[in-house]
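Generate the whole structure from the sequences, applying the supplied hints.
Protein chains in written order, with the numbering used here: chain E, 1 to 173; chain S, 1001 to 1281.
Source of the hints: derived by calculation from the structure; they are not laboratory data.
Any given hint might turn out to be false.
[As the list claims (entries may be wrong)] Mimicking SDA-like on lysine to any residue, the simulated pairs with C-alpha atoms at most 25 Å apart in a straight line are:
{"id": "1", "chain 1": "E", "residue 1": "K126", "chain 2": "S", "residue 2": "L1227"}
{"id": "2", "chain 1": "S", "residue 1": "K1189", "chain 2": "S", "residue 2": "F1254"}
{"id": "3", "chain 1": "S", "residue 1": "K1189", "chain 2": "S", "residue 2": "L1274"}
{"id": "4", "chain 1": "S", "residue 1": "K1189", "chain 2": "E", "residue 2": "L124"}
{"id": "5", "chain 1": "S", "residue 1": "K1189", "chain 2": "S", "residue 2": "M1089"}
{"id": "6", "chain 1": "E", "residue 1": "K126", "chain 2": "S", "residue 2": "S1144"}
{"id": "7", "chain 1": "E", "residue 1": "K126", "chain 2": "S", "residue 2": "I1037"}
{"id": "8", "chain 1": "E", "residue 1": "K126", "chain 2": "S", "residue 2": "V1034"}
{"id": "9", "chain 1": "S", "residue 1": "K1189", "chain 2": "S", "residue 2": "L1234"}
{"id": "10", "chain 1": "S", "residue 1": "K1189", "chain 2": "S", "residue 2": "S1151"}
{"id": "11", "chain 1": "S", "residue 1": "K1189", "chain 2": "S", "residue 2": "D1248"}
{"id": "12", "chain 1": "E", "residue 1": "K126", "chain 2": "S", "residue 2": "L1234"}
{"id": "13", "chain 1": "E", "residue 1": "K126", "chain 2": "S", "residue 2": "D1167"}
{"id": "14", "chain 1": "E", "residue 1": "K126", "chain 2": "S", "residue 2": "R1135"}
{"id": "15", "chain 1": "E", "residue 1": "K126", "chain 2": "E", "residue 2": "L65"}
{"id": "16", "chain 1": "E", "residue 1": "K126", "chain 2": "S", "residue 2": "L1245"}
{"id": "17", "chain 1": "S", "residue 1": "K1189", "chain 2": "S", "residue 2": "W1244"}
{"id": "18", "chain 1": "S", "residue 1": "K1189", "chain 2": "S", "residue 2": "G1163"}
{"id": "19", "chain 1": "E", "residue 1": "K126", "chain 2": "S", "residue 2": "L1259"}
{"id": "20", "chain 1": "S", "residue 1": "K1189", "chain 2": "S", "residue 2": "L1216"}
{"id": "21", "chain 1": "E", "residue 1": "K126", "chain 2": "S", "residue 2": "V1133"}
{"id": "22", "chain 1": "S", "residue 1": "K1189", "chain 2": "S", "residue 2": "D1162"}
{"id": "23", "chain 1": "S", "residue 1": "K1189", "chain 2": "E", "residue 2": "L119"}
{"id": "24", "chain 1": "S", "residue 1": "K1189", "chain 2": "S", "residue 2": "G1255"}
{"id": "25", "chain 1": "E", "residue 1": "K126", "chain 2": "S", "residue 2": "P1091"}
{"id": "26", "chain 1": "S", "residue 1": "K1189", "chain 2": "E", "residue 2": "T93"}
{"id": "27", "chain 1": "S", "residue 1": "K1189", "chain 2": "S", "residue 2": "V1219"}
{"id": "28", "chain 1": "S", "residue 1": "K1189", "chain 2": "S", "residue 2": "L1098"}
{"id": "29", "chain 1": "E", "residue 1": "K126", "chain 2": "S", "residue 2": "G1105"}
{"id": "30", "chain 1": "E", "residue 1": "K126", "chain 2": "S", "residue 2": "D1051"}
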Amino acid sequence: MSYGRLLLVLSLVALAAASLPGKLMLAPSAAGSGQAGAAERLAADRLATSGWVAAGVVNLTENGLFRLLAFRSPRCQGMLLLSAVAANGESETMLAQIARPHGTLFYVDGAGLTEPPRLRAYLLGKLAPLLHRLGLVADPHAHEVLAVIVTGDCRHSADLPWAPVLTDAAAGD
Amino acid sequence: MLARDRGKAARDWRIHRRDLLCGLYGVGLVNAVVAEIQTSTTGAGDLFGIDAVVVAACLIGVGLSWGGGFARATLADLAAAAAFAALLMLPHKSAGWLALGILGGYSLFAHRRDAHLAAAGGVFAAVAAYEIVARLLLTLLAPSLTRLDASLTALLLDQFRDGISRDGNVIITGVGYELVVVAACVAFKSIAQAVLCCFAVTRLFRPAWSWSEAWLWAVLAGLIVLLNTVRLTLSAWDLAYYRWLHGDIGGMAFGMLVLATALGFALHGVRHELWPPAPRP
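Here's what the structure looks like:
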């Protein structure tokens, strides 16, 4: 073996040894459609502190891919349904059907939005774990998009954590 | 004299372009596969969710690069290798695919006089496009793609049954359930996979690219749209069909059908290289 080839082999082994540990430390992908994500748990905690009580799970599809977490409040007649959804908007029509005719559907990704922020959510979904690993963001799940449906007079409840978003969305009804 | 030549060969510090690229592709592939396994939510029984077509295409790419000429690596090649190494160090799932794609794209253009190295570069660029660009497009265009497939399905279903209607990507089947066409079900995903398979297999037997392949891809895409529409129509026809088609066996059968179709098209495209016509007497 020539010196050049030996040098190349040693360089490749060094490259593999230096690059593989970073890949071995990667965690399984974040929650996708219908899976309980960190954003859902965070939202459920926020709702609990405002007096909302968990009222079960509503399965929307046979395979359980899409489902909603239901919450009730003693201070209003109606429900709050929420789910972490894929930011690609594939569940938009289905959720809009559930929200009709007297409910309000909106999406939350930190700021308030009325439709899934596809490109931003996709890029953040790709970059957030890397930025978290590099210590640049605190929460690797910050990119998850929450779909929220509020029915009945709960739409006007002051206990909603996303009241400003809801007010904006309801103004368009 | 012979002993002196051997000693001279051993002291040769030159690095061959073929060795460099083949080695880098190999390290990049190991990184990408390890990242896929680490981030997989499925188990070993499901091959960790790794796409077999992607791994096969990468192996074809490595094999093609090994068939390249013995030209000496230039400074530009070494700079590309350094950029590849820097990208590969990122602790991210897509870093391996991105690094392979950029190196492949560089080789596709910089080494176009070496048919095997250019073909290997093209295969890795195609793999990166499949892993990164196709996924991005699927995310961005999901509402349009799911509605398109749902409308084709509703159109076909409407020929055989009354009471069919559609709201966006939701098909009201008229038999007590609704069918939601999600991004994982759209034909686009299968088309991207089939084209990658067709491209890689074609490069294996005919390294040089030909524009006639684009026509073959267009026909292949049309056929896969038809197959997927039939699959979705059967899913909407009866819940039993839906359950079978979305079960382990049905899902695998459809995947195999798509792959067999892509392979058939690829082999048809390279039939003259595989079975050269007999010389006329």
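With a cut-off of 25 Å on the C-alpha distance, tell me whether E/K126 and S/D1167 pass.
-> Distance of about 31 Å is beyond 25 Å: violated.
For the pair we were handed, S/K1189 and S/L1098, check the Cα-Cα distance against 25 Å.
-> holds, 19 Å
Below or equal to 25 Å on CA atoms is what counts here, so check E/K126 against S/L1234.
-> At roughly 35 Å apart (the allowed maximum being 25 Å), S/L1234 and E/K126 break the hint.
Is the straight-line distance between the alpha-carbon of S/K1189 and that of S/M1089 25 Å or less?
-> violated, 29 Å
Straight-line alpha-carbon gap S/K1189 to S/V1219, limit 25 Å = holds, 16 Å
Is the Cα-Cα distance between E/K126 and S/V1034 25 Å or less?
-> holds, 17 Å
Taken at face value, is the distance from the CA of S/W1244 to the CA of S/K1189 at most 25 Å?
-> holds, 20 Å
For the pair supplied as a hint, E/K126 and S/L1259, is the alpha-carbon distance within the 25 Å limit?
-> Violated - the C-alpha atoms of S/L1259 and E/K126 are around 28 Å apart, more than 25 Å.
Compare the distance between the alpha carbons of S/K1189 and E/L124 with 25 Å, and conclude whether the hinted pair is satisfied.
-> holds, 22 Å
Distance restraint between S/K1189 and S/L1234, which requires alpha-carbon spacing of 25 Å or less = holds, 19 Å
Would the pair E/K126 and S/I1037 pass a check requiring their Cα atoms to be no farther apart than 25 Å?
-> holds, 17 Å
Between S/K1189 and E/T93, does the CA-CA distance stay at or below 25 Å?
-> holds, 21 Å
Of the numbered hints given earlier, the model fails hints 1, 3, 5, 12, 13, 16, 18, 19, 22; all others are met.
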